[in-house]
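J.: For the sequence shown, my numbering assigns the number 66 to the initial residue and increments by one for each residue that follows.
In short, the hints are calculated from the structure, not lab data. Virtual Cβ for every residue (Gly too), placed ideally from N, Cα, C. Keep in mind that a hint or two might mislead.
[Unchecked claim] Simulated DEER-style distance windows between Cβ atoms:
#, residue 1, residue 2, range
1, Gly162, Ser253, 40 to 50 Å
2, Glu228, Lys271, 34 to 44 Å
3, Ser264, Glu240, 16 to 26 Å
4, Met101, Asn174, 38 to 48 Å
5, Ala233, Tyr207, 17 to 27 Å
6, Glu125, Pro69, 13 to 23 Å
7, Tyr237, Phe104, 50 to 60 Å
8, Ser253, Met102, 42 to 52 Å
9, Gly162, Asn241, 29 to 39 Å
[Claimed, not checked] Here are the computed lysine to aspartate or glutamate pairs in the EDC-like style, where the Cα-Cα straight-line distance is at most 20 Å:
#, residue 1, residue 2
10, Lys273, Glu177
11, Lys75, Glu170
12, Lys273, Asp288
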Amino acid sequence: MALPKLVSAKYSLEIPSTKELIEYRPYLVKEEKILMMAFETKDQSQMISALRDTIAGCTEGKVKVDNLTIFDLEYIFLKLRSKSVGETSTLGIKCSGCSKTSQVEVNLNEVEILGEVKSSAQIALTDTVGIVVKYPTVKGLYRQLQKNDDTDSAMSAVISSIESIYDAENVYPAENETEESLLEFVDSLTSDQFKKLTSFFDDMPKLKHKVSFNCQSCKIPNDIDIEGLQNFF
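Using the sequences and the hints, build the whole thing.
T.: This is the structure:
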C-alpha cells in the first residue's frame, strides 16, 4: 500500500526587481541537506548552484532563476528559509567595543531589500557615446564564479551586465556582440569612465538590516548593519 503524500503549504512574495507576485512552498528536508552541504563548503559556485535548484523546486519551475538579480535570489531564499525553518535566526555578532561575540536573535521577516530598484541605467561616457547597464543576474554571477582569475571574474561581471552601447547614430545590443568585443570596449574606457560604470553596481539594492543589541560581555549598546545573505545564518 502506498504511503500518503504530504501537501506543502503555499505562500506568496513579490520579486523585488520586477514586482512580480510568485507562489512558493517551504523547502523539504532533502533540499535542506543539499543546502547545508553546499554552504559548509564555503564554495560560492556550489552555494549558488544549490540556491538555484532550491528556488526552482520550491516555485515548481515557474520562476526563471537564472534571470533573477542577485538581490532577488537572496530575498527569495530568505523568505523560503523563514517559512521552512523558522522566522528567527540567532547570529554571532562582534561587539564594536570589546570585539567579543554576542548571540543576537534576528527576525527574518524584518529583513528587507534596501536601495532604489532600477530596471536599467543609462551612463553617458562622452557627449555622444554611452552604455546601458542592468543588474547582474544569477546566470551572470555563476559564469563569473567559474573564472579562475579575480580580475577576469570582476570584468566578466561588468560585461554580463551590459544591455547595450550607443552613440549618436546607433544602438548596439550586447546580445549581438561577442564577449571579446565587449571586453575590448570596456578596456578602452578611461579610469573615470570605468568608475561611472562601477558606481551603478556599488549602489545596487542589497539585503540589509540594522541590528541593535547590548554586548553580552561589556554591556555597551551596538548598532550593526548586517548585509548579504550569508551573514543572516
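J.: Does each hint fit the structure? Answer for all of them.
T.: Now the hints, each set against the structure:
no.: 1; hint: Gly162 x Ser253: 40 to 50 Å; verdict: holds, 48 Å
no.: 2; hint: Glu228 x Lys271: 34 to 44 Å; verdict: violated, 21 Å
no.: 3; hint: Ser264 x Glu240: 16 to 26 Å; verdict: holds, 24 Å
no.: 4; hint: Met101 x Asn174: 38 to 48 Å; verdict: violated, 22 Å
no.: 5; hint: Ala233 x Tyr207: 17 to 27 Å; verdict: violated, 36 Å
no.: 6; hint: Glu125 x Pro69: 13 to 23 Å; verdict: holds, 20 Å
no.: 7; hint: Tyr237 x Phe104: 50 to 60 Å; verdict: violated, 40 Å
no.: 8; hint: Ser253 x Met102: 42 to 52 Å; verdict: holds, 43 Å
no.: 9; hint: Gly162 x Asn241: 29 to 39 Å; verdict: violated, 55 Å
no.: 10; hint: Lys273 x Glu177; verdict: holds, 6 Å
no.: 11; hint: Lys75 x Glu170; verdict: violated, 26 Å
no.: 12; hint: Lys273 x Asp288; verdict: holds, 13 Å
Hint check: violations occur at hints 2, 4, 5, 7, 9, 11; the rest are consistent with the structure.
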